Amino acid sequence: MTHTLDRYEERLLGLPYPVVLLNAAEEITDPDTGEVLGVAVPHAEELAAAVALALCFQPFRLTGAEVRFIRRVLGMTGQELATAVEMDPATLSRWEHGKQPVGEWADKALRMAAVLRLQDRAPGFSHNPSDVVSIHPAARPDGLELAVEVRRIRPLASEIESDAAGWDALAKAALIRDWVSVLQEQAAAQASRTPRRSGLQRDETDRRKSGLPGLPAGAEPGREQHQDAGLDEGNAGAQGGGKGEAGRSG
Amino acid sequence: MTYRDETARLHAIARARGFRLVVTRHAEEQMADRDVARFEVERVLQAGAVVMVETDPRGRETWRVAGHDSDGRRIEPVVEVRPPSMLRLVTVIRVD
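Taken in order, these protein sequences are the chains called L and G. Following this note's numbering, the numbering of the first sequence begins with 1 at its first residue and continues without gaps. Following this note's numbering, the numbering of the second sequence begins with 1001 at its first residue and continues without gaps.
Bound conformation, chain L alone:
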């Protein structure tokens, strides 16, 4: 017997923080004994690719753990990835182990290499690969942890008659929640702890000065905004558009 969980914190993706799966993970029960066998996450490979792509389009510099996660999703050794982005394997290793911060140029080169390789593995992740070129990853404020939520839509039976439709429905469902609103929530939490201007606010000011994308026009750091309108279940097209906007926000 299968019971789809409304919310499940997936901790087995190899990231130092959980990825929240909405309406996706399945608790499996033995029909004979009633014993809970465990939790299944359908299409884990596509999920990992979608999360890796989301990290590539977020506006802050990657951490070592995120670099390692992306490499593992790519299925590449450290040597292979270092060769792909034309860098010293020892430097990549130091990044991954947190012994050296990831520089902006290298961060961007890695994102571009990853997006090119992953775009076909998460076909419903709506994004424009060339947008990654315009990202200038900002230094991550101390203590800011990114939160990733992935949403899945239950497709109608008629939509999963073929493999292609099933994958498409899955891919459309594997949406990364609008990064901007997530970051705003984080900023709000940070602002409530720090009376002075927060690191995220400083970053936002810097981004505006430099013309870089960040929080949307009119948005105030520290104030939560709900931007996931149109992400309701059953509105896959609107969800794809919403995610695309999220992707392009970076």
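Be aware that a few hints might be false.
Stated by the list, open to error - For each label pair, taking beta carbons as the anchor points, the in silico distance ranges come out as: (1) L:Q79 / G:E1054: 18 to 26 Å; (2) L:G143 / G:T1055: 24 to 32 Å; (3) G:R1082 / L:P16: 26 to 34 Å; (4) L:L116 / G:T1055: 45 to 53 Å.
By construction, these hints were calculated from the structure, which means they are not laboratory data. Computed from a predicted structure; not experimentally measured. Ideal Cβ positions, reconstructed from N, Cα and C, are used throughout, including at glycine.
Assemble the complex: chain L is given as a structure, and chain G must be docked to it using the hints.
Below, chain G without anything else, positioned relative to chain L:
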């Protein structure tokens, strides 16, 4: 030594569209301790080889599957087969 028939059955299950890898609480803890990701286990199940077959006291077969993670380190997931499309992950062994 590998188990050719079991390996063929394993690949058929793990590559099927409706495949589900059910992770037990114990396996989840082992994976976290040993730094093995869910998608890495699935890759091993889709391409690895069954190297050991055991039968538990309830008469259920468990298959130990050999493969490698993204860093080239050998890992060996142990799964219980739940036909037609389910594998229950009992544990993951890292062979260093």
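Evaluated hints:
Separated by about 36 Å at the C-beta atoms, L:Q79 and G:E1054 break the suggested range of 18 to 26 Å. Between L:G143 and G:T1055, the C-beta spacing of about 51 Å breaks the proposed range 24 to 32 Å. At about 32 Å, the CB distance of G:R1082 to L:P16 agrees with the hint of 26 to 34 Å. For L:L116 paired with G:T1055, a C-beta distance near 47 Å keeps the hint of 45 to 53 Å intact.
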